[in-house]
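> Listed here are the chains, written in short residue letters.
There are 2 protein chains.
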Amino acid sequence: MILYPETDLTFTRTIQAPRSLLWECWTTPQHIKQFFVPRPHSVEDCEIDLRVGGKFNTTFNVDGNTMKNDGVFLEVEEGRRLVFTDAYSEGWKPAADPFMTAIIEFEDDGHGGTTYTATARHRSPEARQTHEDMGFFGGWGTVATQLEDYAKTLVGK
Amino acid sequence: MILYPETDLTFTRTIQAPRSLLWECWTTPQHIKQFFVPRPHSVEDCEIDLRVGGKFNTTFNVDGNTMKNDGVFLEVEEGRRLVFTDAYSEGWKPAADPFMTAIIEFEDDGHGGTTYTATARHRSPEARQTHEDMGFFGGWGTVATQLEDYAKTLVGK
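From first to last, the protein sequence lines are chains P and D. So for the first sequence, this note's numbering puts the first residue at 1205; every next one is plus one. So for the second sequence, this note's numbering puts the first residue at 1205; every next one is plus one.
Any given hint could turn out to be false.
As the list claims (entries may be wrong) - Below, computed lysine-lysine pairings styled on DSS-like, alpha-carbon distance capped at 25 Å:
#1 1361(D) with 1237(D)
#2 1361(D) with 1272(D)
#3 1272(P) with 1259(P)
#4 1237(D) with 1297(P)
#5 1237(D) with 1272(D)
#6 1356(D) with 1297(D)
#7 1259(P) with 1237(D)
#8 1237(D) with 1259(D)
#9 1259(D) with 1272(D)
#10 1259(P) with 1259(D)
#11 1272(P) with 1237(P)
#12 1297(P) with 1356(D)
Derived by calculation from the structure, the hints in this document are not laboratory data. Since the model is a prediction, treat every value here as computed from it, not as a measurement.
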């Protein structure tokens, strides 16, 4: 995938869980609630319509405050690639001030685990910087660790 | 389809040409050049990759000035519905300042013609108003007339 260093934030790590399981975690509301925001923040609600243009809506609890995030999927390539954004809500209604577009990629690592790449794309270098300052690498890194820990509890279930 | 009157502009008209032909006009670069902007403006170049996330790039000649518009398709429902936007260029690269999302719908009118609905969606009431002031209804209406005239020349070919 072509990267745009001025406006993208991205990292890759190996997760010790199979690709199919990580995909299931990323596309199922009950699983999303277990890893999607860094603890002690939490996901109170999640709605998923897993198709291009379908909703991906989440409600976070951040220090007791409710944050509602509506978005849609732009690409759904089962088990391999998920693209979503807050630039639209369901029905292609444009958001007034979108923040980012996320691309999550899953590849077999050849040893039973998954090479996991998370990329956040922004509209401007300033938006990218804001996201980095908000703690992109720490936050999304923590989410990847939570995902790995949670996915391991599901192996064989 | 749900409409948002504060941020949408839309019109419906009957076009005396079959749905399949209008779809072909809307999805083929050589045809796009024949109707896509109100004359005497013209389309100098058009690139189409007809799939979700694929490019829909056009270059206009407006009073001798070249205007390049890069976009992507968000939905491609053959013969029925085409959704595209300038909010992204190919590869889901977000645009800094997107203008609109367009939804073009084609339905059989039951008499060999097509009920043609064009909707432009905007990020804010102000953006909608700007588009209306730029001449949305006249401009897109002229384009529909040019499409009808051009499509009629293709019947039976």
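> Please go over all the hints and tell whether each is borne out by the structure.
Hint-by-hint comparison with the structure:
1. 1361(D) with 1237(D): holds, 18 Å
2. 1361(D) with 1272(D): Violated - the C-alpha atoms of residue 1272(D) and residue 1361(D) are around 31 Å apart, more than 25 Å.
3. 1272(P) with 1259(P): Holds. Residue 1272(P) to residue 1259(P) sits at ~13 Å (cutoff 25 Å).
4. 1237(D) with 1297(P): At roughly 28 Å apart (the allowed maximum being 25 Å), residue 1297(P) and residue 1237(D) break the hint.
5. 1237(D) with 1272(D): holds, 14 Å
6. 1356(D) with 1297(D): Answer violated: residue 1356(D) to residue 1297(D) is near 37 Å, above 25 Å.
7. 1259(P) with 1237(D): Not satisfied, since the Cα-Cα distance of roughly 35 Å exceeds 25 Å.
8. 1237(D) with 1259(D): OK: residue 1237(D) and residue 1259(D) at ~16 Å, within 25 Å.
9. 1259(D) with 1272(D): holds, 13 Å
10. 1259(P) with 1259(D): Holds, at about 23 Å.
11. 1272(P) with 1237(P): holds, 14 Å
12. 1297(P) with 1356(D): With Cα atoms ~33 Å apart, residue 1297(P) and residue 1356(D) exceed 25 Å; violated.
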